[in-house]
Amino acid sequence: MFNRFLSVKQQEWLHEFEQFSAAEVAPYADEWDLAEATPAHVVHKLAQNGWLGGLARSENGGLGFDATTFGLLNMAIGAGSGSLTGLLNVHSMMLKTIEEWGTQDQKQRFLASLVRGEIIGAFAQTEVSAGGDSKNLSTQFTDSGDELSVTGQKSWITFAQIADLFLVFGKYQGLDTAVLVPKDTPGLTITAKKNMLGFKSAYLAVLDFNDCRIPKTNIVGKPGFGQNLISNSALDYGRISVAWAALGIQQAALAASAHRANSRTTFGTLLADQGIIRGYLAEMSSSLLASQLICLSATKAKEAKDEDALEQILQAKLFASHEAGIAAAKAVQIHGGHGCEEKNGISRLYRDAKILQVVEGSNELQKMLIGKEVCNRYSYLQ
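For the sequence shown, the numbering used here assigns the number 11 to the initial residue and increments by one for each residue that follows.
Some hints could be false.
[Claimed, not checked] In silico lysine-lysine, DSBU-like type, Cα no more than 35 Å apart, as pairs:
{"#": "1", "residue 1": "Lys117", "residue 2": "Lys19"}
{"#": "2", "residue 1": "Lys203", "residue 2": "Lys232"}
{"#": "3", "residue 1": "Lys193", "residue 2": "Lys203"}
{"#": "4", "residue 1": "Lys364", "residue 2": "Lys310"}
{"#": "5", "residue 1": "Lys193", "residue 2": "Lys232"}
{"#": "6", "residue 1": "Lys353", "residue 2": "Lys382"}
{"#": "7", "residue 1": "Lys19", "residue 2": "Lys204"}
{"#": "8", "residue 1": "Lys117", "residue 2": "Lys203"}
{"#": "9", "residue 1": "Lys204", "residue 2": "Lys193"}
{"#": "10", "residue 1": "Lys364", "residue 2": "Lys193"}
{"#": "11", "residue 1": "Lys117", "residue 2": "Lys226"}
{"#": "12", "residue 1": "Lys193", "residue 2": "Lys117"}
{"#": "13", "residue 1": "Lys315", "residue 2": "Lys55"}
{"#": "14", "residue 1": "Lys315", "residue 2": "Lys382"}
{"#": "15", "residue 1": "Lys232", "residue 2": "Lys310"}
{"#": "16", "residue 1": "Lys377", "residue 2": "Lys353"}
{"#": "17", "residue 1": "Lys181", "residue 2": "Lys145"}
{"#": "18", "residue 1": "Lys364", "residue 2": "Lys55"}
{"#": "19", "residue 1": "Lys364", "residue 2": "Lys145"}
{"#": "20", "residue 1": "Lys232", "residue 2": "Lys315"}
{"#": "21", "residue 1": "Lys181", "residue 2": "Lys226"}
{"#": "22", "residue 1": "Lys19", "residue 2": "Lys145"}
{"#": "23", "residue 1": "Lys181", "residue 2": "Lys315"}
{"#": "24", "residue 1": "Lys382", "residue 2": "Lys203"}
{"#": "25", "residue 1": "Lys204", "residue 2": "Lys315"}
{"#": "26", "residue 1": "Lys145", "residue 2": "Lys353"}
{"#": "27", "residue 1": "Lys181", "residue 2": "Lys117"}
{"#": "28", "residue 1": "Lys364", "residue 2": "Lys19"}
The set of hints was computed from the structure by calculation and includes no laboratory data.
Start from the sequences and build out the full structure, keeping to the hints where you can.
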């Protein structure tokens, strides 16, 4: 049903994405989870296919993916591994930031390598004390001659263990600012973050910046652009990634649950013939379709630059990730004890779905932002 809303080209891309995920991702995702690592050859294949740089415009060497095609990629990969969508997410946010806000020098130094996947980018905003409150970051950028000194700490940074370039947010002369910090900058320490609930193979890390010196030419845009322009622009793509990855989790949960229902007998009756199980499957299927349509509406709004695009993207992230959590929980119930085993893909779906409700702004933050948009829309009423 969903495919009827896609162009022929988008359907072709989706078929290619799904084939890759089924062959190269899904069979190994549990193994990667247990190892808390994504093999380098998988990252290389994503780069080789052009998908890591897929959002970049064709004149910059990319495939020129529209927001919907980028979403389809995250949906297909998300059905195989939630962790791997984290790479598509943060790398794309870095890439689009430099493409849209970077100086000519920054584009010459970094953009082509990011598009080809020769270097990996990561998005370093979250701090332990601030969480999603990006207005109150403690990381500081201070003048030191022709350089900036970067001091502070970032936590839970996705794919930071293997990233080559970080987009770091902090304060410069009291203004929200974003800068580029290469991984080999003296004073930068990267510490792996292990034993996470979900996204176990997403290479999370803590970044400690101790008087890291970078050229002032590494400021992205201008001082003061950090939050309202650069971060918000990048997070459109981050939230699209999360929302569509949640669709992948819902799809995987539904497919696995239907298979279980058709093959498992309890009390002399197939699960598929038991009313409560049929009810679960009906709810999961209906929620999946609703999530697909809200995600599609959001990416179409982004492509058309509609006035309500931000609100729709926030709604898609909120709704799809919430429904993914419910679908994964029902999948665990349908699978019983089998679904509770750590090495089982069902428990991974459950854990990864919870992560999607937290990253790129918790769902509680999404509600606050959506509520603000709604109040603004009806402010004319007296």
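Checked hints:
1. Lys117 / Lys19: Given pair Lys117, Lys19 holds - Cα atoms ~29 Å apart, limit 35 Å.
2. Lys203 / Lys232: Distance of about 32 Å is within 35 Å: holds.
3. Lys193 / Lys203: holds, 17 Å
4. Lys364 / Lys310: holds, 26 Å
5. Lys193 / Lys232: Given that 35 Å is the threshold and the Cα spacing comes to 22 Å, the pair holds.
6. Lys353 / Lys382: violated, 42 Å
7. Lys19 / Lys204: At roughly 40 Å apart (the allowed maximum being 35 Å), Lys204 and Lys19 break the hint.
8. Lys117 / Lys203: holds, 31 Å
9. Lys204 / Lys193: holds, 20 Å
10. Lys364 / Lys193: Distance of about 29 Å is within 35 Å: holds.
11. Lys117 / Lys226: Answer holds: Lys117 to Lys226 is near 15 Å, not above 35 Å.
12. Lys193 / Lys117: This hinted pair holds, its Cα atoms lying about 18 Å apart.
13. Lys315 / Lys55: The hint holds at about 32 Å.
14. Lys315 / Lys382: holds, 19 Å
15. Lys232 / Lys310: holds, 30 Å
16. Lys377 / Lys353: holds, 34 Å
17. Lys181 / Lys145: holds, 9 Å
18. Lys364 / Lys55: Given that 35 Å is the threshold and the Cα spacing comes to 27 Å, the pair holds.
19. Lys364 / Lys145: Since the Cα atoms of Lys364 and Lys145 sit roughly 25 Å apart, the hinted pair holds (cutoff 35 Å).
20. Lys232 / Lys315: Given pair Lys232, Lys315 holds - Cα atoms ~23 Å apart, limit 35 Å.
21. Lys181 / Lys226: holds, 14 Å
22. Lys19 / Lys145: Between Lys19 and Lys145 the Cα gap is close to 40 Å, so the pair fails against 35 Å, i.e. violated.
23. Lys181 / Lys315: holds, 30 Å
24. Lys382 / Lys203: It holds: about 34 Å lies between the C-alpha atoms, which stays within 35 Å.
25. Lys204 / Lys315: Distance of about 39 Å is beyond 35 Å: violated.
26. Lys145 / Lys353: violated, 39 Å
27. Lys181 / Lys117: Between Lys181 and Lys117 the Cα gap is close to 23 Å, so the pair holds against 35 Å.
28. Lys364 / Lys19: With a Cα-Cα distance of about 32 Å, the restraint between Lys364 and Lys19 holds, given a limit of 35 Å.
Figure legend: structure checked against the earlier numbered hints; hints not met, in rising order: 6, 7, 22, 25, 26.
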